[in-house]
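Chains as they are written, first to last, in this note's numbering: chain A, 1 to 77; chain B, 1 to 77; chain C, 1 to 362; chain D, 1 to 362; chain E, 1 to 267; chain F, 1 to 267; chain G, 1 to 184; chain H, 1 to 184.
Take the hints with a grain of salt, since some may be wrong.
[Claimed, not checked] Within a straight-line C-alpha distance of at most 27 angstroms, the following computed DSS-like cross-link-like pairs (lysine-lysine) qualify:
hint	chain 1	residue 1	chain 2	residue 2
1	D	LYS44	C	LYS240
2	D	LYS44	H	LYS153
3	E	LYS18	A	LYS28
4	G	LYS86	A	LYS15
5	D	LYS272	D	LYS283
6	H	LYS66	H	LYS86
[What the hints assert, rightly or not] Partial chain H-side listing against chain D, Cβ under 8 angstroms, derived:
hint	residue
7	ASP56
8	SER60
9	THR65
10	TYR159
It should be emphasised that the hints constitute simulated quantities derived from the structure, not laboratory data.
The beta-carbon is built from N, C-alpha and C at its ideal position, and this holds for glycine as well.
The lines below spell out each chain.
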Amino acid sequence: MAKKVQGYIEIDKEKCKGCELCVVACPKDIIRMSKDVNGKGYHYAEFFNPEPCVGCADCAVVCPDGVITVYRARIEV
Amino acid sequence: MAKKVQGYIEIDKEKCKGCELCVVACPKDIIRMSKDVNGKGYHYAEFFNPEPCVGCADCAVVCPDGVITVYRARIEV
Amino acid sequence: MGELRLMKGNEAFAEALIRAGADGYFGYPITPQSEVIEYLMAEKPHERTGMVVLQAESELASINMLYGGAGAGKKVATSSSSPGISLMLEGISYMAGAELPCVILNVQRGGPGLGTIQPSQSDYFQATKGGGHGDYRLLVLAPASVQEMSDFVPLAFDLAFKYRNPVMILSDGVIGQMMEKVELFDPIPRWTDEEVIEKNGDWATVGKRPGRERNIITSLDLDPYSMERHNHDLFAKYKKMEEEEVRWEELNTEDAEYFIVAYGSASRISQKAIDLARAEGIKVGLIRPITLYPFPYKVLQEKVQKGAKGFLTVELNMGQMIEDVQLAVKDNAKVEFFGHVGGVIPTPEEVVEALKTKIIGG
Amino acid sequence: MGELRLMKGNEAFAEALIRAGADGYFGYPITPQSEVIEYLMAEKPHERTGMVVLQAESELASINMLYGGAGAGKKVATSSSSPGISLMLEGISYMAGAELPCVILNVQRGGPGLGTIQPSQSDYFQATKGGGHGDYRLLVLAPASVQEMSDFVPLAFDLAFKYRNPVMILSDGVIGQMMEKVELFDPIPRWTDEEVIEKNGDWATVGKRPGRERNIITSLDLDPYSMERHNHDLFAKYKKMEEEEVRWEELNTEDAEYFIVAYGSASRISQKAIDLARAEGIKVGLIRPITLYPFPYKVLQEKVQKGAKGFLTVELNMGQMIEDVQLAVKDNAKVEFFGHVGGVIPTPEEVVEALKTKIIGG
Amino acid sequence: MELTADKIKELVVKPENKVYAKTPLLTDKTLSYCPGCGHGVAHRILMELVEEMGLENDTIGIAPVGCSVLAYEFMNVDMQEAAHGRAPALATAIKRLWPGKFVFTYQGDGDLAAIGGNETLHACNRGENITIIFINNGIYGMTGGQMAPTTLPGMRTSTSPYGRDTHMMGNPLKMTEIVAMLPGTYFVTRQAVHTAKHARKAKKAIKKAIEVQLEGKGTSFVEIVSNCNSGWKMTPVKANQWLEENMLDYYHLGDIKVDGKLVKEIV
Amino acid sequence: MELTADKIKELVVKPENKVYAKTPLLTDKTLSYCPGCGHGVAHRILMELVEEMGLENDTIGIAPVGCSVLAYEFMNVDMQEAAHGRAPALATAIKRLWPGKFVFTYQGDGDLAAIGGNETLHACNRGENITIIFINNGIYGMTGGQMAPTTLPGMRTSTSPYGRDTHMMGNPLKMTEIVAMLPGTYFVTRQAVHTAKHARKAKKAIKKAIEVQLEGKGTSFVEIVSNCNSGWKMTPVKANQWLEENMLDYYHLGDIKVDGKLVKEIV
Amino acid sequence: MTEEIIIAGFGGQGVLSMGKILAYSGIMQGQEVSWMPSYGPEMRGGTANVTVILSDERISSPILTKFDTAIILNQQSLDKFEKAVKPGGILLYDPNGITRHPERDDINIYKIDASHVASELGNPKVYNMVVLGAYLKVNPIVSMDNVKEGLKKSLPERYHHLLPLNESAIEEGTKHVEVVREIK
Amino acid sequence: MTEEIIIAGFGGQGVLSMGKILAYSGIMQGQEVSWMPSYGPEMRGGTANVTVILSDERISSPILTKFDTAIILNQQSLDKFEKAVKPGGILLYDPNGITRHPERDDINIYKIDASHVASELGNPKVYNMVVLGAYLKVNPIVSMDNVKEGLKKSLPERYHHLLPLNESAIEEGTKHVEVVREIK
Ligand SMILES: Cc1ncc(C[n+]2csc(CCOP(=O)(O)OP(=O)(O)O)c2C)c(N)n1
Ligand SMILES: Cc1ncc(C[n+]2csc(CCOP(=O)(O)OP(=O)(O)O)c2C)c(N)n1
Ligand code: SF4
Ligand code: SF4
Ligand code: SF4
Ligand code: SF4
Ligand code: SF4
Ligand code: SF4
Ligand SMILES: [Mg+2]
Ligand SMILES: [Mg+2]
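The task is simple: from the sequences and hints, build the whole structure.
Here it is, written out as structure tokens:
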């Protein structure tokens with residue numbers, strides 16, 4: 001059983017303004033914009049594929065609205 | 001009979017403010033300050049020895065109040 | 001009939017500047033009047049008429065650009081909103097002192113301080129009593145429609161040059177931001193340089209001319225006696241304005257017992273209030289000062305003499321023009337104030353209510 | 001009895017700043033008040049009390065330094081003369097809006113514009129009606145002696161902090177430049193940082209404290225309704241000032257039929273005029289407003305009720321305070337104006353003459 | 001074992017694994033900025049540092065007039081809102097009266113370089129011991145996208161609708177280079193926040209700027225080249241690309257003055 | 001033949017031999033300046049050039065607030081008197097509205113570098129086609145000798161009675177170097193007028209500045225390091241010596257920018 | 001005749017330009033008009049509304065509290081302005097995203113699913129024209145000719161190639177408006 | 001008792017400090033005092049004058065047009081202030097550079113050749129002290145002790161070594177004043 005650095009992000013969808021900067025920032029291309037809109041009328045960011053996430057926090061660092069929380073752990077696979 | 005460049009200056013004594021800058025500026029040391037005062041209460045500049053004057057106008061150029069008029073001519077001596 | 005357009009008050013002012021033959025506009029953006037410079041820039045007035053439009057680095061620079069341009073005999077204007085106008089006051093005082101013509105538009109917003117960007121009429125004192133230092137007066141015009149935002153521009157230039165005095169157009173966020181139908185006046189050609197010299201060459205710095213002394217533009221005079229004479233000359237000019245330039249409008253006043261005194265956007269709201277009140281049988285009319293300085297004191301006094309029972313001033317502030325109304329009416333009729341501030345707009349219904357409780361019932 | 005000194009009004013003000021425990025002075029030189037900063041710099045207040053004295057790059061910077069310092073809970077002051085005060089008006093409006101305490105000295109000179117550097121009282125409107133934009137008021141104190149240039153400093157700070165409002169000391173070139181005997185008050189220690197936190201820590205930006213929300217100093221409110229509430233709060237404060245802070249002095253008024261209303265240097269000249277007039281048997285007294293805002297309307301109204309026959313306002317301007325006198329007296333007695341401008345000082349004899357021709361005879 | 005999304009979440013999302021979250025020194029109010037605006041990133045970096053450096057109770061910040069006029073609603077420290085352009089004057093007095101506090105201004109390019117040019121120049125020249133954070137987005141964002149002193153040549157704005165004509169309106173003003181010339185400044189740098197890499201670098205730079213102030217060395221000045229996607233009329237993503245391709249050509253990133261010494265040609 | 005003074009006078013003092021006299025473009029009013037003040041020389045040089053270049057009827061000048069506030073009483077051309085520090089704003093508008101005129105400002109160091117710093121910076125940055133004559137005497141002469149931004153370190157003035165403390169009040173501000181950095185300026189130079197040699201050189205420089213404007217190249221800027229003997233509390237002669245020995249060490253004379261190119265290290 | 005109208009919705013929905021076209025149409029038929037937006041930073045991403053008045057007489061207050069017509073394009077605006085319609089007046093709304101529908105029974109209520117219609121037209125940008133068409137159907141205060149003139153006047157020349165598209169969107173709007181409740 | 005005095009001359013003659021010493025002397029004997037200069041740029045090289053009032057009562061106007069005493073140190077000031085002396089008052093002047101001497105016959109006129117006296121004392125800077133001495137001789141409104149106290153107070157500490165010099169200049173002044181015309 002190998003160890004792996006696994007990341008995970010949570011996006012506060014109601015606070016997201018749909019700017020797409022996190023989408024561009026993610027080196028793993030695992031964020032996309034939703035089809036739906038949130039209460040403010042924005043298509044929000046969705047974390048659609050956790051597996052490749054390395055928890056680098058690039059997405060969170062570029063998010064102007066600070067709506068992304070990042071977790072990282074070494075897990076066994 | 002030789003030719004010589006001869007200068008001469010006129011100082012408007014009533015307009016002179018007695019700053020002495022012309023005295024310092026003259027390369028020939030032929031300006032001095034008067035003992036008397038003019039109508040404004042200043043010791044004014046006096047052109048006391050025309051002979052060495054070369055009409056270089058240095059005195060006039062440094063005079064802040066523009067009270068010096070300079071003449072120059074080639075004369076026979 | 002001139003061209004009809006639907007325009008914002010700010011745009012109408014800008015278009016009118018070009019058409020009035022203004023030579024220069026200098027300004028710094030501020031809400032709610034940035035459309036003025038935006039409109040001008042988009043219109044390329046330099047190509048249309050040769051007019052210079054420059055975005056200054058600040059309001060201080062703007063007003064002092066006006067000073068320079070006006071001192072050189074040209075038709076110049078600026079516009080701003082309340083905080084920006086405060087920054088111009090030293091310069092305005094200089095222009096009044098040096099007797100320079102110019103047009104200054106203040107599209108008022110709420111204060112004090114940064115306040116709000118919503119409409120307001122809180123700069124009445126500043127405009128009419130001379131917010132800057134020293135004894136001086138501005139001629140102050142208060143437009144109440146987009147049409148007047150346009151029409152007052154050539155008028156303001158005429159008055160400015162007639163009296164060699166800054167003229168302020170004291171507008172507000174409602175009048176600046178709303179669109180109405182406006183009939184544009186036909187363009188007045190810009191003065192050629194030769195015309196400027198002919199008209200203003202006896203006082204303006206248009207370059208020394210052979211055969212005349214140099215011209216000097218200054219507000220300085222270190223001799224108290226001649227400075228005092230200068231001030232008296234200025235006040236003789238103001239006196240003449242007080243005699244000749246008072247402008248106002250009356251609506252429904254023929255049979256009126258009560259009067260609402262209001263200008264600019266407040267007068268528009270009051271007009272509606274008068275409709276509502278008249279529907280209830282209240283005999284109320286509107287007196288709308290068009291010139292805030294000179295103020296139509298006499299008009300009010302005439303109403304008093306004819307038996308007016310009361311005056312309600314309606315303002316978008318905490319009560320400023322009311323002092324001028326009181327100075328006119330004195331103890332001879334009731335004078336009360338109603339208004340809102342901070343960008344809250346009084347409703348016609350509230351005005352009627354105030355009329356009833358403060359003037360009629362009170 | 002405190003220490004006796006012969007001092008210029010400007011110097012007395014400066015010394016009083018140090019003694020009143022001021023934390024900071026920020027100013028830009030201008031005649032006729034540059035002695036204030038010169039005196040301070042020579043006194044090394046940083047060594048005497050720890051007070052900060054800084055020559056700013058401009059009046060704009062000065063007033064905004066005051067904003068910062070006052071917003072941080074400290075006792076701050078500036079001084080200038082008319083054109084410099086005009087430049088401060090945006091900042092003053094901001095301070096009034098953000099409810100910041102401070103002391104501003106205006107040693108008035110003649111205007112408009114660069115005008116003259118001679119004494120004047122032409123900034124009365126500006127000081128009392130709010131020369132800056134928006135609805136606000138300054139508490140305005142008018143010293144008439146060097147002693148008051150000193151005494152009004154601690155008073156001004158007290159009022160400024162009591163109401164969290166800028167206080168203006170409206171002086172003029174005569175009071176600023178003349179020397180008189182002055183009894184200096186005993187030094188009041190500067191507040192320690194702990195005291196500042198204790199006294200002002202609930203509103204000032206003294207650094208967030210564990211257990212309280214952050215403090216914010218601002219004059220902005222984008223919500224019209226809360227902005228309106230803020231304006232009403234401000235005016236409630238002004239109303240309180242009008243009730244509690246009116247200050248004035250009366251001289252020879254017990255039996256007076258006529259009144260001269262004058263403040264600052266004009267009141268000094270008027271005092272002499274009253275001596276002269278009384279010598280001729282004219283029953284005239286002096287009402288000297290000490291607070292120009294709030295203005296002693298009631299005092300004048302009481303005189304009217306007791307049968308006053310006339311009021312002569314004497315001002316070093318073209319007639320400004322007279323409007324406040326008229327607002328008080330209305331039609332109930334004669335109100336006339338006498339004054340000089342541009343640095344010309346009215347003589348006591350002229351004042352007597354004006355009293356005779358305009359009020360008594362007229 | 002296959003790692004489903006849910007499984008990963010279960011394994012990873014635990015308090016002890018949290019590596020990045022919004023600092024409590026940003027309030028819960030929704031930022032008033034447009035989607036994708038660089039102001040938000042700059043706010044966050046700054047407040048993270050105030051938190052990390054333990055300055056929460058010893059900070060006094062100054063908001064400008066500009067889009068960030070409401071910075072005081074978001075930065076959870078004691079704040080003052082200055083008149084347009086005057087933040088350095090406020091900061092001057094505050095720092096001199098409270099020398100123990102960390103005092104910063106946060107200003108836009110219109111605020112700092114247009115109307116407030118003189119206050120900037122003189123505070124820096126006096127070497128006021130303050131930190132200036134200067135958000136250069138080449139435009140007046142708040143008032144609707146008018147030309148700023150920093151607007152690029154040819155760039156369209158609402159007051160240069162046909163592009164900035166340098167002949168009529170001058171060239172972009174590099175205030176940062178100017179203040180770097182003054183003996184009063186000790187640390188001057190130009191940064192950006194449009195990518196994670198840049199944002200991390202910018203954070204380091206601001207940290208240094210704060211340290212310079214805490215050490216009492218003089219003025220520290222951090223320009224942040226940022227986007228105003230609304231004013232530029234682009235999507236946020238496009239705006240950041242445009243920034244990279246156009247703004248940075250004119251506004252070179254990097255330290256300009258370190259330890260009181262110029263480290264870069266400024267003319 | 002012995003040349004007596006009278007004989008020389010008789011021989012030499014004839015109209016055709018006049019080589020130097022006050023230009024008629026200076027009025028007959030006695031200058032309001034203190035004896036020995038450099039303002040007088042600067043006035044004269046400037047007006048001589050206006051005369052020599054045939055610009056008498058095509059010149060509009062701006063006086064500042066400072067000792068030279070009354071320049072309009074002395075310079076016999078159309079003149080405006082600006083509010084303190086704002087001369088460049090006036091000049092901007094005048095030149096744009098009368099592009100055919102020669103427009104200059106004449107300003108002191110308090111006026112140009114303290115209160116008017118922003119107007120100077122922005123007019124130069126826009127490259128206004130004007131000429132700025134900047135009299136740097138290191139002090140506020142007119143108001144009684146207060147410290148200016150240009151006051152030398154340690155120099156005593158009425159507001160730095162114990163000497164300028166650069167720690168509290170900053171270092172002397174070199175506005176001339178700053179404007180030289182801006183693309184808008186085309187010719188920037190620093191001169192002096194305390195000796196005949198310097199004055200003649202300064203005249204050449206101002207001539208060039210005027211030509212630059214006539215050719216429409218952008219802003220020309222001439223600093224003149226001058227004395228304020230009253231403010232410095234020295235005799236005029238001593239003041240000029242002090243200038244030479246102290247001011248010029250800090251304010252190096254010579255051209256800084258020629259034909260739009262820097263010709264000297266400015267930092 | 002005087003018609004006092006409020007149009008209210010989100011920032012991007014074209015509320016202001018719809019009002020402008022309406023006002024211009026009024027001018028085209030010789031009426032007095034006024035158009036008064038709420039302005040300010042809250043417009044950024046937030047709500048936008050505009051009061052439009054068309055009248056045969058001089059218009060007094062451009063700012064009103066009661067309206068003959070309210071055209072409502074989001075929930076927030078519905079909450080705010082439903083009560084501001086004068087009895088007997090008109091409320092036209094877009095039901096998209098509306099969770100609490102209008103409840104008054106003393107006014108005429110209509111709805112228009114404009115985003116649907118607009119996307120069927122292949123251009124979401126003509127959304128506001130669809131709404132305008134719907135309104136003119138239920139309250140033809142300006143003739144279609146004058147609307148077309150108004151549209152032309154209010155669009156800059158360089159967009160005049162878009163006129164047909166906009167005109168057909170207006171036509172579509174007239175076809176898709178639904179009556180919710182009519183009291184007349 | 002109230003004494004209203006004008007002192008007028010050139011900028012460099014020490015007019016202002018002479019007034020200041022007089023005023024301080026008044027304070028030393030418990031009086032009210034005021035000192036009001038003309039100020040402004042005309043002071044630069046031009047004329048300077050100061051109005052000094054000493055009184056047992058509160059002083060009203062610090063600026064006056066009529067004076068009990070005029071102390072005049074140049075022609076310009078003589079021309080301006082001779083007429084401003086109240087009948088029966090005092091005019092003291094320095095005849096140096098005076099071409100038109102005072103002519104009034106309803107006032108007391110004295111003169112003091114102060115520059116001469118001062119240069120005899122070896123210090124032209126005490127010129128104004130000589131004048132002061134002369135004035136106090138003809139009108140001893142303050143005692144010599146109080147003048148010395150006043151002098152001390154008005155000189156900064158670092159100049160206190162000059163006190164004896166100044167005091168003796170005052171003494172000399174008392175000795176050299178000449179009566180031109182006395183009407184009493
Ligand atoms: C005295 C004054 N003038 C003008 C304004 C209007 N105004 C507000 S913000 C601003 C410009 C803001 O631009 P910038 O500083 O670049 O900030 P940004 O919005 O781009 O972040 C202006 C001109 C004002 N509030 N006060
Ligand atoms: C707004 C304003 N602030 C201050 C002043 C006072 N003031 C007049 S001249 C001057 C400084 C002049 O110094 P500088 O520009 O160096 O000229 P100099 O007299 O040395 O030639 C000052 C501060 C003023 N007139 N206006
Ligand atoms: S933490 Fe890194 S890898 Fe994971 S989603 Fe964010 S940017 Fe992508
Ligand atoms: S960067 Fe933030 S606000 Fe922008 S889309 Fe991603 S989560 Fe939403
Ligand atoms: S012209 Fe030359 S030589 Fe003659 S006096 Fe003047 S400086 Fe001396
Ligand atoms: S330089 Fe001129 S003012 Fe000075 S002493 Fe000589 S002549 Fe007189
Ligand atoms: S307008 Fe520009 S600077 Fe302002 S918040 Fe929007 S994107 Fe940011
Ligand atoms: S004060 Fe100084 S600058 Fe002014 S005139 Fe006198 S010497 Fe010249
Ligand atoms: Mg910006
Ligand atoms: Mg100077």
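Verification of the hints:
no., hint, verdict
1, D/LYS44 <-> C/LYS240, "violated (54 angstroms)"
2, D/LYS44 <-> H/LYS153, "holds (20 angstroms)"
3, E/LYS18 <-> A/LYS28, "holds (19 angstroms)"
4, G/LYS86 <-> A/LYS15, "violated (37 angstroms)"
5, D/LYS272 <-> D/LYS283, "holds (14 angstroms)"
6, H/LYS66 <-> H/LYS86, "holds (6 angstroms)"
7, ASP56, "violated (13 angstroms)"
8, SER60, "holds (4 angstroms)"
9, THR65, "holds (5 angstroms)"
10, TYR159, "violated (15 angstroms)"
Violated hints, listed in ascending order, are 1, 4, 7, 10; each of the other numbered hints is respected by the structure.
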